[in-house]
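Student: Keeping the supplied structure of chain C fixed, place chain U upon it in accordance with the hints.
Each chain is listed here by its residues.
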Amino acid sequence: MAIKSDPVIKLQNIAFSYEQRKDSFSLDLDHLELAKGEKLFLAGASGSGKSTLLGLICGTLVPQKGEIHILGTEISALSSSARDRIRADHFGIIFQMFNLLPYLSILDNVLLPLSFSKSRKAAVEKKSGNSTAEAHRLLSALGVDVKQFGHQKTSDLSVGQQQRVAAARAFIGFPEIIIADEPTSSLDEGRQAKFMQLLFEEAEKTGASLIMVSHDNRLAKRFDRVLALEDLCRISPEAVAP
Amino acid sequence: MIIARLAWASLMNRWLTSLLTIIAIALSIILLLGVEKVRVGSKAGFLNTISGTDLIVGARAGDVQLLLYSVFRIGNATNNISMETLRDIERRPEVKWLVPISLGDSHRGFRVMGTSSTYFDHYRYRRNTMLKFEQGKPFDDLFEAVIGADVAERLNYRVGSKIVVAHGAGKISFGADHSDKPFVVAGILAATGTPVDRTVHVSLEAIEAIHVGWDGGSAPRGDQIRSEEEVRAMQLEPKVVTAAYIGLKSKIGVFSLQSFINQYKQEPVTAILPGVAFAQLWSLVGTAETALMVISLMVVFTAFFGMVISILGSLNERRREMAILRAIGARPFQVFILFVVEATVLAVVGIALGTGILYVIVLVTWPILEQATGLYLGLSWPGTQEIIYLLIILASGIIAGIIPAIRAYSLSLSDGLSIRL
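Protein chains in written order, with the numbering used here: chain C, 11 to 252; chain U, 11 to 431.
If you are wondering where the hints come from, they were derived from the structure by calculation, not from laboratory data.
For glycine and all other residues, C-beta sits at the position ideal for the given N, C-alpha and C.
Watch out, some of these pointers could steer you wrong.
Ranges of calculated distance between the beta carbons of each label pair, as one might list FRET restraints [said to hold, decoys possible]:
#1 S406(U) x S129(C): 34 to 44 Å
#2 A405(U) x E199(C): 55 to 65 Å
#3 L322(U) x S129(C): 28 to 38 Å
#4 A405(U) x E43(C): 45 to 55 Å
#5 E214(C) x I416(U): 41 to 51 Å
#6 D226(C) x I12(U): 31 to 41 Å
#7 A54(U) x T142(C): 57 to 67 Å
#8 T142(C) x A405(U): 55 to 65 Å
#9 K215(C) x I402(U): 29 to 39 Å
#10 L404(U) x F210(C): 51 to 61 Å
#11 D198(C) x I402(U): 34 to 44 Å
Extracted from the complex, chain C is given alone in its bound form:
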């Protein structure tokens, strides 16, 4: 439930186009806010500006106009490495598929964000005392059998298991914002429901805000808010998004 406090994410009067690209793609967005603990469902197929919007929120893209605030910090005015640090400290990101580094064990994949963020590592150590214990807890909570899989290479896992490991990695160190980009599209229906449930449980437990993008509106049920990407932002030319 949305709690009355400063918004976790705030986008204002955004105008964006890819400067280095020759196409005339542009994205405009008037206003978007996400409250602490809020769960937002963004409905839209690929081609609706999804990647661009996520890039702006996560700080890999910078708008030509407008302001983007993350947890009260205007990241659109920060240097790229400062934006990278914001992302490392406050974001957990789950991709559609291939979320894991194939050359690390499952446990190391989950622990990886802690190597890039001191504050997340400190938060984990404060709460669980030990990063590995926290990774174990998360993996178990997300239904991954740590004893069986913990030290295996990720390529041995099923896609469903991989997505759960990816979720565990997104949640480690209690980031304030979880971004999930079609996290269930590679799963079958039964697994989708299970995954969504785990995602919600964990988000509620840590109080993280959640933005999930999907073209599958059936998944929108439990979200606090549902927005259609085409209503939220205007892109031109239409349906030529990256």
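Tutor: Then chain U, alone, in the frame of chain C:
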């Protein structure tokens, strides 16, 4: 730290490609350092062929030519030098000792050198090392010979073996030999790795003796033939020799004596400083060594080129990995460093492996090599030159690694979080 761990894990994940790249780099390093070792070893061995001799005097000729025939027994003297001239030189106050040598004959492909018995006291090689007798003693009798280690080994001679000297320097004698006057091996020298090993030493008088009656240059016939007994009774003081080694009382006299000899009026003679002539000769041989060095450097760069290709080739399939790292909060610069570290690890491991293998090879083979070719490699820590080479190579490896790293950097900057496959 995390970047180093990731680089290591990533390399391990592609262990076969990594291993092949490392092997390619290691092989190129073995080649490069091997060439360098042989170069340094052969140069040192070469420069140490003769030491303790301050001047070499012979008939007027180029420095290199005189060095070639007097020390390496390669080629022939244009002319002889008379004993009178040598005696004039020997009387000079600078001279401590003078050893005449006489070349021209051979024994089954090995040069026969006439000299005085003091030769064995004065000839030095490799930082003033004296000749040692493996067996026997210096020649004493007119028909005694002292042979080098190679001669003894190749022809399976022992002290007491009889040898026949052929006229001229060819490997096959065309019937013109000195079979009427065979020599007995009196001593065998220990291996030196110098042309001494391939030389048959006899006395100057012996050279005269076997040539009695050969005045026209062809074998004596009929009444010109003299028996051993007749020859022994003759006055065999040589009138001419091929060259002479000279040792001085003090190095300071070397230039005054050299100019005395070079301006000697009665006979056209030349004196050379062995060191100077060696340097001249080496500069001729040096072209080949430079070519060898350039080729091995090119092999090293080919190995790095292979490394760059393999990393660049893996780049596309690793864009996913780069997007994941960016999502976790890695800066594009950290992605760049990841690739540079991977290339550096490959280069360092390749260089270390190559250097290690080369040293093992040297350790195992150098005694054999020295015995067989006289090439003294020696097991020493890498010299300054080698360390400089290795550092340059390491730097080139890292620079080579920067090429794919720049590409990875720009890809991860433009891809951001989107995974393009």
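Student: State for each hint whether it applies.
Tutor: So, going through the hints one by one against the coordinates:
Separation of S406(U) from S129(C) is about 40 Å and conforms to the stated range, judged on CB atoms against 34 to 44 Å. Taking 55 to 65 Å as the suggested C-beta distance range, the pair A405(U) and E199(C) conforms, at roughly 57 Å. Roughly 36 Å separates the CB atoms of L322(U) and S129(C), a value that falls within the hinted 28 to 38 Å. Judged by the Cβ atoms, the range 45 to 55 Å given for A405(U) and E43(C) holds: they are separated by roughly 52 Å.
The beta-carbon spacing between E214(C) and I416(U), approximately 44 Å, falls within the hinted interval of 41 to 51 Å. Roughly 35 Å separates the CB atoms of D226(C) and I12(U), a value that falls within the hinted 31 to 41 Å. For A54(U) and T142(C), the hinted distance range of 57 to 67 Å is satisfied, since their beta carbons lie about 58 Å from each other. Judged by the Cβ atoms, the range 55 to 65 Å given for T142(C) and A405(U) is violated: they are separated by roughly 39 Å.
For the pair K215(C) and I402(U), the supplied restraint of 29 to 39 Å is violated, since their beta-carbon distance comes to about 57 Å. Take L404(U) and F210(C): their Cβ atoms lie about 53 Å apart, and the range 51 to 61 Å holds. The beta-carbon spacing between D198(C) and I402(U), approximately 57 Å, falls outside the hinted interval of 34 to 44 Å.
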